[in-house]
Amino acid sequence: MTSYRLPKGGLIDRQSRLGFSFDGQSVTGHAGDTLASALLANGRQLVGRSFKYHRPRGILTAGAAEPNALMTIGSGGRTEANTRATMQDLYDGLEARSQNRWPSLDFDIGSLNGLLSPFLAAGFYYKTFMWPAKLWEGLYEPFIRRAAGLGKATYEADPDRYEKRWAHCDLLVIGAGPAGLAAALSAGRAGARVIILDEHSLAGGSLLSEAATIGGESAPAFAKRLADELETLPNVRVLTRTTAFGWYDGNVVGAVERAQKHVRHPDPNKPVERMWRIVAKKALLATGTEERPLVFGGNDIPGVMIAGAMRCYLNRFAVAPGQRTAIFTTNDSGYALARDLEAAGVQLTAIIDSRAESQFVYTGKARLLKGAVVSDAKGGKALSSVNVTAANGATEAIAVDALAMSGGFSPIIHLACHRGGKPQWSDVHGAFMAPSETRGLVLAGAVTGTTGLSASFAEGAARGATMAQDLGFAAQPFDAGPVDGDIVASPASPLWNIRGVKGKAFVDFQNDVGRKDLGLAVQEGYGDVELAKRYTTSGMATDQGKLSNVTAIGLLAEARGVSPAEVGTTTFRPFYTPISFGALTGPHHGHHFQPVRKSPLHDWAKKHGAVFVETGLWYRSSWFPRAGETSWRQSVDREVLNVRTNVGICDVSMLGKIEVCGKDAAEFLNRVYSNAFLKLPVGKARYGLMLREDGFIYDDGTTSRLADDRFFMTTTTAYAAGVMTHLEFCAQGLWPELDVRLASVTDQWGQMSVVGPKARATLQAIVDGDISDTAFPFLAAKEVSLFGGRLHGRLFRISFSGELAYELAVPAGYCESVADGVLQAGKEHGIQPYGVEALSVLRIEKGHVTHNEINGTVIPSDLGFAKMVSTAKPDFIGKAMLGREGLVAQDRPSLVGVVPLDPTTTFRTGSHILAKGAAQTLENDQGYVSSSAFSPHVGSTIGLALVKSGHARHGEEVVVWNGLSKEFTVARLCNPVFFDPANEKLHV
Amino acid sequence: MSDFELIHRPAISTKPVGSSDAFAMKAMPEGTLIHILGKPGAENLTATLQGLFGGEANRIRTFGPGQWLVVRDEPTSRSDMQALFERLDTRAFAVDQTHGRIRIEVAGRAVQSLLAKGTAIDLNAVAVGQSAMTLMGHISVHITRVALNRFELIVLRGFGQSLWDEIAHLNADF
Numbered sequence: 001m002t003s004y005r006l007p008k009g010g011l012i013d014r015q016s017r018l019g020f021s022f023d024g025q026s027v028t029g030h031a032g033d034t035l036a037s038a039l040l041a042n043g044r045q046l047v048g049r050s051f052k053y054h055r056p057r058g059i060l061t062a063g064a065a066e067p068n069a070l071m072t073i074g075s076g077g078r079t080e081a082n083t084r085a086t087m088q089d090l091y092d093g094l095e096a097r098s099q100n101r102w103p104s105l106d107f108d109i110g111s112l113n114g115l116l117s118p119f120l121a122a123g124f125y126y127k128t129f130m131w132p133a134k135l136w137e138g139l140y141e142p143f144i145r146r147a148a149g150l151g152k153a154t155y156e157a158d159p160d161r162y163e164k165r166w167a168h169c170d171l172l173v174i175g176a177g178p179a180g181l182a183a184a185l186s187a188g189r190a191g192a193r194v195i196i197l198d199e200h201s202l203a204g205g206s207l208l209s210e211a212a213t214i215g216g217e218s219a220p221a222f223a224k225r226l227a228d229e230l231e232t233l234p235n236v237r238v239l240t241r242t243t244a245f246g247w248y249d250g251n252v253v254g255a256v257e258r259a260q261k262h263v264r265h266p267d268p269n270k271p272v273e274r275m276w277r278i279v280a281k282k283a284l285l286a287t288g289t290e291e292r293p294l295v296f297g298g299n300d301i302p303g304v305m306i307a308g309a310m311r312c313y314l315n316r317f318a319v320a321p322g323q324r325t326a327i328f329t330t331n332d333s334g335y336a337l338a339r340d341l342e343a344a345g346v347q348l349t350a351i352i353d354s355r356a357e358s359q360f361v362y363t364g365k366a367r368l369l370k371g372a373v374v375s376d377a378k379g380g381k382a383l384s385s386v387n388v389t390a391a392n393g394a395t396e397a398i399a400v401d402a403l404a405m406s407g408g409f410s411p412i413i414h415l416a417c418h419r420g421g422k423p424q425w426s427d428v429h430g431a432f433m434a435p436s437e438t439r440g441l442v443l444a445g446a447v448t449g450t451t452g453l454s455a456s457f458a459e460g461a462a463r464g465a466t467m468a469q470d471l472g473f474a475a476q477p478f479d480a481g482p483v484d485g486d487i488v489a490s491p492a493s494p495l496w497n498i499r500g501v502k503g504k505a506f507v508d509f510q511n512d513v514g515r516k517d518l519g520l521a522v523q524e525g526y527g528d529v530e531l532a533k534r535y536t537t538s539g540m541a542t543d544q545g546k547l548s549n550v551t552a553i554g555l556l557a558e559a560r561g562v563s564p565a566e567v568g569t570t571t572f573r574p575f576y577t578p579i580s581f582g583a584l585t586g587p588h589h590g591h592h593f594q595p596v597r598k599s600p601l602h603d604w605a606k607k608h609g610a611v612f613v614e615t616g617l618w619y620r621s622s623w624f625p626r627a628g629e630t631s632w633r634q635s636v637d638r639e640v641l642n643v644r645t646n647v648g649i650c651d652v653s654m655l656g657k658i659e660v661c662g663k664d665a666a667e668f669l670n671r672v673y674s675n676a677f678l679k680l681p682v683g684k685a686r687y688g689l690m691l692r693e694d695g696f697i698y699d700d701g702t703t704s705r706l707a708d709d710r711f712f713m714t715t716t717t718a719y720a721a722g723v724m725t726h727l728e729f730c731a732q733g734l735w736p737e738l739d740v741r742l743a744s745v746t747d748q749w750g751q752m753s754v755v756g757p758k759a760r761a762t763l764q765a766i767v768d769g770d771i772s773d774t775a776f777p778f779l780a781a782k783e784v785s786l787f788g789g790r791l792h793g794r795l796f797r798i799s800f801s802g803e804l805a806y807e808l809a810v811p812a813g814y815c816e817s818v819a820d821g822v823l824q825a826g827k828e829h830g831i832q833p834y835g836v837e838a839l840s841v842l843r844i845e846k847g848h849v850t851h852n853e854i855n856g857t858v859i860p861s862d863l864g865f866a867k868m869v870s871t872a873k874p875d876f877i878g879k880a881m882l883g884r885e886g887l888v889a890q891d892r893p894s895l896v897g898v899v900p901l902d903p904t905t906t907f908r909t910g911s912h913i914l915a916k917g918a919a920q921t922l923e924n925d926q927g928y929v930s931s932s933a934f935s936p937h938v939g940s941t942i943g944l945a946l947v948k949s950g951h952a953r954h955g956e957e958v959v960v961w962n963g964l965s966k967e968f969t970v971a972r973l974c975n976p977v978f979f980d981p982a983n984e985k986l987h988v
Numbered sequence: 001m002s003d004f005e006l007i008h009r010p011a012i013s014t015k016p017v018g019s020s021d022a023f024a025m026k027a028m029p030e031g032t033l034i035h036i037l038g039k040p041g042a043e044n045l046t047a048t049l050q051g052l053f054g055g056e057a058n059r060i061r062t063f064g065p066g067q068w069l070v071v072r073d074e075p076t077s078r079s080d081m082q083a084l085f086e087r088l089d090t091r092a093f094a095v096d097q098t099h100g101r102i103r104i105e106v107a108g109r110a111v112q113s114l115l116a117k118g119t120a121i122d123l124n125a126v127a128v129g130q131s132a133m134t135l136m137g138h139i140s141v142h143i144t145r146v147a148l149n150r151f152e153l154i155v156l157r158g159f160g161q162s163l164w165d166e167i168a169h170l171n172a173d174f
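Residue numbers (the UniProt record's numbering), protein chains in the order written: chain A, 1 to 988; chain B, 1 to 174.
Don't read these hints as lab results, they were simulated from the structure.
Among the hints, a few may not be true.
[Unchecked claim] Computed cross-link-like contacts, DSS-like style, restricted to lysine-lysine with a CA-CA straight-line distance of at most 30 Å:
{"id": "1", "chain 1": "A", "residue 1": "K684", "chain 2": "A", "residue 2": "K782"}
{"id": "2", "chain 1": "A", "residue 1": "K679", "chain 2": "A", "residue 2": "K873"}
{"id": "3", "chain 1": "A", "residue 1": "K370", "chain 2": "A", "residue 2": "K502"}
{"id": "4", "chain 1": "A", "residue 1": "K152", "chain 2": "A", "residue 2": "K127"}
{"id": "5", "chain 1": "A", "residue 1": "K8", "chain 2": "A", "residue 2": "K224"}
{"id": "6", "chain 1": "B", "residue 1": "K26", "chain 2": "A", "residue 2": "K270"}
{"id": "7", "chain 1": "B", "residue 1": "K39", "chain 2": "A", "residue 2": "K873"}
{"id": "8", "chain 1": "A", "residue 1": "K607", "chain 2": "B", "residue 2": "K26"}
{"id": "9", "chain 1": "A", "residue 1": "K782", "chain 2": "B", "residue 2": "K39"}
{"id": "10", "chain 1": "A", "residue 1": "K782", "chain 2": "A", "residue 2": "K679"}
{"id": "11", "chain 1": "A", "residue 1": "K378", "chain 2": "A", "residue 2": "K516"}
{"id": "12", "chain 1": "A", "residue 1": "K422", "chain 2": "A", "residue 2": "K516"}
{"id": "13", "chain 1": "B", "residue 1": "K15", "chain 2": "A", "residue 2": "K606"}
{"id": "14", "chain 1": "A", "residue 1": "K873", "chain 2": "A", "residue 2": "K782"}
{"id": "15", "chain 1": "B", "residue 1": "K39", "chain 2": "A", "residue 2": "K684"}
{"id": "16", "chain 1": "A", "residue 1": "K381", "chain 2": "A", "residue 2": "K152"}
{"id": "17", "chain 1": "A", "residue 1": "K370", "chain 2": "A", "residue 2": "K516"}
{"id": "18", "chain 1": "A", "residue 1": "K281", "chain 2": "A", "residue 2": "K422"}
{"id": "19", "chain 1": "A", "residue 1": "K502", "chain 2": "A", "residue 2": "K378"}
{"id": "20", "chain 1": "A", "residue 1": "K502", "chain 2": "A", "residue 2": "K381"}
{"id": "21", "chain 1": "A", "residue 1": "K679", "chain 2": "B", "residue 2": "K39"}
{"id": "22", "chain 1": "A", "residue 1": "K663", "chain 2": "A", "residue 2": "K782"}
Using the sequences and the hints given, assemble the complete structure.
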């Protein structure tokens with residue numbers, strides 16, 4: 001392999017040799033290289049295959065827009081597909097593999113697709129694979145996906161750490177080129193908090209590839225000196241290898257720092273990537289420009305490269321692009337490359353300038369062909385020659401192995417458009433410029449159309465100083481000093497269509513979209529920029545058209561006979577470049593995926609062998625298996641029977657608990673609930689029904705009056721936060737005149753249900769006062785003294801099971817100890833802990849509802865709560881809407897019980913109800929089973945169901961239909977209260 | 001069961017994390033934590049609260065418009081707390097949250113960097129004694145700067161251990 005490394009120059013460390021592999025072949029590079037520069041230095045032109053036609057592709061750029069040199073890096077869980085070789089810093093031991101080829105990069109069977117290219121134009125899939133439709137998923141799509149594509153993600157777990165971090169600053173500078181560095185120094189020296197970031201490994205931007213001198217100092221050395229000074233300022237943070245990917249409301253910029261993507265063995269205690277969310281008082285966009293390719297035949301052959309990239313590889317990495325080079329340009333910037341190539345001793349064969357006239361005076365040795373174009377490049381896996389068409393139409397072939405192309409410059413304005421602004425076409429600049437309104441985001445340098453180092457330094461310095469001054473800092477613009485060798489390339493007219501093209505001329509390299517495809521899109525009525533994008537796939541790949549979009553718009557404009565301004569652009573959205581899922585996830589995976597909310601009885605349940613179930617963020621004890629029990633049903637049946645026979649204890653700490661305080665608290669609750677609360681006596685609890693404004697039930701629970709001006713509300717577990725928010729809205733927004741204050745006390749009180757015929761006997765052993773039925777009747781609620789006055793709790797005589805039951809709330813820190821005490825006290829009564837499964841069986845037996853039934857579509861009367869809708873109250877939330885026609889219809893679904901006729905049969909929650917003999921169609925659907933369980937009390941499965949006119953259909957034989965499992969169960973609708981319908985047990 | 005041994009169990013059962021100058025974390029005593037809710041017209045009770053709860057042991061934290069937290073390391077007896085509540089009566093409601101919220105102290109040179117991994121607050125702008133409600137990762141946290149490099153985090157008891165585990169995880173690189 002021929003070395004293209006120049007004997008001197010560049011910002012690489014020639015003393016440091018790094019070994020790496022490409023497709024299994026061992027090669028070497030130097031510290032300071034990117035993977036791309038190291039491959040080029042080793043003479044490796046062919047680095048990938050194109051997406052559709054599997055055409056040989058080489059390195060086109062030196063930055064983030066690279067469409068061709070996409071590689072799979074690493075191995076095992078660290079495998080990372082579609083890594084841009086141009087952005088990957090070289091490290092010792094790096095493993096890189098080319099993609100989308102088989103069996104090898106040099107001999108790729110898939111390249112036969114190229115022979116079919118006349119039939120594979122844009123829209124081919126849409127037109128061809130329409131029939132037979134059933135073959136699409138089974139044949140066509142898998143085949144197409146196999147034939148085309150990018151890299152493959154690994155199925156192994158990523159072993160590395162990722163991190164998210166917030167940062168705040170006075171000034172954020174995006175891009176550490178000449179304008180960005182000048183702005184950061186101007187503000188930083190004045191004491192402003194500055195963050196400056198750049199996506200490359202070194203700060204400096206274009207200065208790193210520049211041959212000019214500043215104040216007698218080389219441009220890269222000057223850039224390093226500025227960056228070093230910034231690093232020394234305590235108020236300045238310099239972030240390299242950091243890409244700003246989005247600009248969001250509040251002037252927040254998202255950025256990803258590739259913190260350890262350039263090392264072989266990442267420190268396991270540090271993140272490999274860090275996602276920054278930067279809140280900036282002011283922000284400056286100094287992102288420079290993207291140089292556009294030119295659309296001539298064979299413009300994708302390895303060896304054809306963007307001119308600025310060639311200059312970067314030459315000057316920054318000391319890599320010669322080839323042995324016989326040519327430049328095809330539409331503007332003066334090509335002459336800067338010509339000067340540098342000749343200075344480096346690289347043979348420059350010709351400069352092909354599309355302009356017949358230009359003011360630049362070229363004094364080098366190469367042939368200068370003015371008014372000429374490269375119409376076609378020739379070669380297979382490497383460039384061999386170019387066909388040049390002169391102004392007079394004459395053609396000649398020039399033998400070259402490297403060709404630089406410059407089709408003008410597109411400012412990198414993506415971030416400036418992320419908050420809704422649309423790019424503006426400028427005929428002067430031949431490019432889309434930033435929106436006129438940028439919501440305070442300031443731009444400086446080449447991104448504004450400014451060219452030349454002196455002008456960029458000056459503009460950046462002025463902008464940085466002004467923004468710092470606006471924030472109260474006495475900032476002065478940084479003075480870079482005189483620049484020698486500055487080539488100021490004035491804007492030139494774009495060259496969209498090139499005459500005489502014969503070969504495949506690509507616009508979007510990554511998706512193999514050619515200029516003919518865009519013409520076809522216009523012919524077929526897809527000339528709108530959004531339609532053309534989708535019809536041709538131009539701009540849809542991982543590079544999102546960074547190189548291709550503007551050219552595609554220019555070609556569309558020419559085909560339609562309009563200006564690019566009229567065509568416009570597609571919408572710019574984050575992310576600017578692809579971001580890893582790891583960076584987006586940060587530390588929130590595995591054990592840290594989401595917070596865990598633990599009840600104060602979590603450890604108590606654990607020591608009694610509970611099996612837990614996740615309920616939102618809570619971990620609830622589901623059941624408590626005992627020795628000899630082989631299924632959860634055995635455990636749950638035992639727990640249910642024990643509650644019905646003896647006594648059980650269950651953790652209900654997860655219920656939402658809210659203290660409602662204030663002299664108007666009763667009035668407040670009276671308006672919030674549909675039933676009356678104004679006259680609830682102190683020491684009493686009441687079941688309450690809370691409606692939404694539209695009349696549907698929102699939540700339910702008991703609320704107890706502890707004092708004239710203090711209530712204790714419980715909510716369902718799932719709606720605890722929602723109800724608290726709702727109440728705050730009511731208090732602050734709807735009725736600010738009411739004297740009411742709200743405090744969430746969910747975590748203050750650990751709460752346990754003590755349930756069963758022997759509940760009173762058990763509790764009386766720890767409660768100091770009398771809790772007989774006389775002293776503490778059903779729905780009593782009061783503070784109680786426990787354990788001889790050593791602790792105080794709140795006791796509520798309420799029941800979710802239909803049994804004699806109490807809920808005891810105690811300060812959470814003592815909850816486990818109190819539960820131990822209850823178990824000890826209940827031992828002689830046969831007490832056992834029970835979980836939410838048994839709790840659910842008990843409540844279904846009693847016909848109590850939960851959010852299985854309160855599903856957002858039911859009103860009180862649907863659930864048999866018609867009497868809980870006060871007719872006496874002047875108003876409450878939901879009252880006005882309850883009278884709507886649909887809510888008073890007689891055939892509304894209402895709550896019923898369901899039992900199978902044959903107790904040995906069963907049905908499942910979610911099954912639907914059919915009238916006896918009705919066909920199994922959705923049209924015949926009568927409702928569905930909202931809850932079901934095996935009832936030890938009944939001896940069969942039982943269910944609660946919402947059924948049309950259900951309240952009037954008790955006793956009717958129906959079929960319970962599970963359409964998914966094709967199960968049918970003959971059943972009977974019945975009263976939803978299966979246990980103690982007379983409520984006698986509640987009052988014992 | 002007057003002889004039953006009542007045991008208080010703290011929410012954080014893990015040992016302190018870190019002991020270097022860079023970062024350290026410890027659970028603070030679950031002594032006293034009272035939630036004060038000012039009545040209408042009593043929007044700024046800071047001075048009143050300082051009079052009632054002032055002294056070295058008690059610290060007053062702003063908790064939102066018209067709301068404060070009073071914290072202290074030592075427990076407050078039931079009778080003392082009731083007496084305090086009664087003295088507040090005309091101006092505010094008080095709710096005992098001693099068991100509902102726990103306190104964690106984080107300190108060290110790197111404490112701001114660590115907290116910045118979870119909170120969107122500009123901690124440079126938080127003066128000693130100032131508080132804010134924020135999210136630390138996915139967990140709601142009340143944060144107070146108690147010294148230049150020391151912060152107190154108040155979190156719902158149920159999330160206490162989870163917050164602790166998350167901060168310990170984020171501390172790996174300090």
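Consistency of the hints with the structure:
1. K684/A x K782/A: 8 Å, holds
2. K679/A x K873/A: 12 Å, holds
3. K370/A x K502/A: Holds, at roughly 21 Å.
4. K152/A x K127/A: The hint holds at about 28 Å.
5. K8/A x K224/A: Holds: K8/A and K224/A sit about 19 Å apart, inside 30 Å.
6. K26/B x K270/A: 23 Å, holds
7. K39/B x K873/A: Roughly 26 Å between the alpha carbons, so the hint for K39/B and K873/A holds.
8. K607/A x K26/B: Status holds; Cα separation ~26 Å.
9. K782/A x K39/B: 25 Å, holds
10. K782/A x K679/A: 17 Å, holds
11. K378/A x K516/A: Roughly 19 Å between the alpha carbons, so the hint for K378/A and K516/A holds.
12. K422/A x K516/A: 27 Å, holds
13. K15/B x K606/A: 21 Å, holds
14. K873/A x K782/A: 27 Å, holds
15. K39/B x K684/A: OK: K39/B and K684/A at ~25 Å, within 30 Å.
16. K381/A x K152/A: OK: K381/A and K152/A at ~24 Å, within 30 Å.
17. K370/A x K516/A: Answer holds: K370/A to K516/A is near 27 Å, not above 30 Å.
18. K281/A x K422/A: 23 Å, holds
19. K502/A x K378/A: Given pair K502/A, K378/A holds - Cα atoms ~11 Å apart, limit 30 Å.
20. K502/A x K381/A: 18 Å, holds
21. K679/A x K39/B: It holds: about 23 Å lies between the C-alpha atoms, which stays within 30 Å.
22. K663/A x K782/A: Satisfied, since the Cα-Cα distance of roughly 19 Å is no more than 30 Å.
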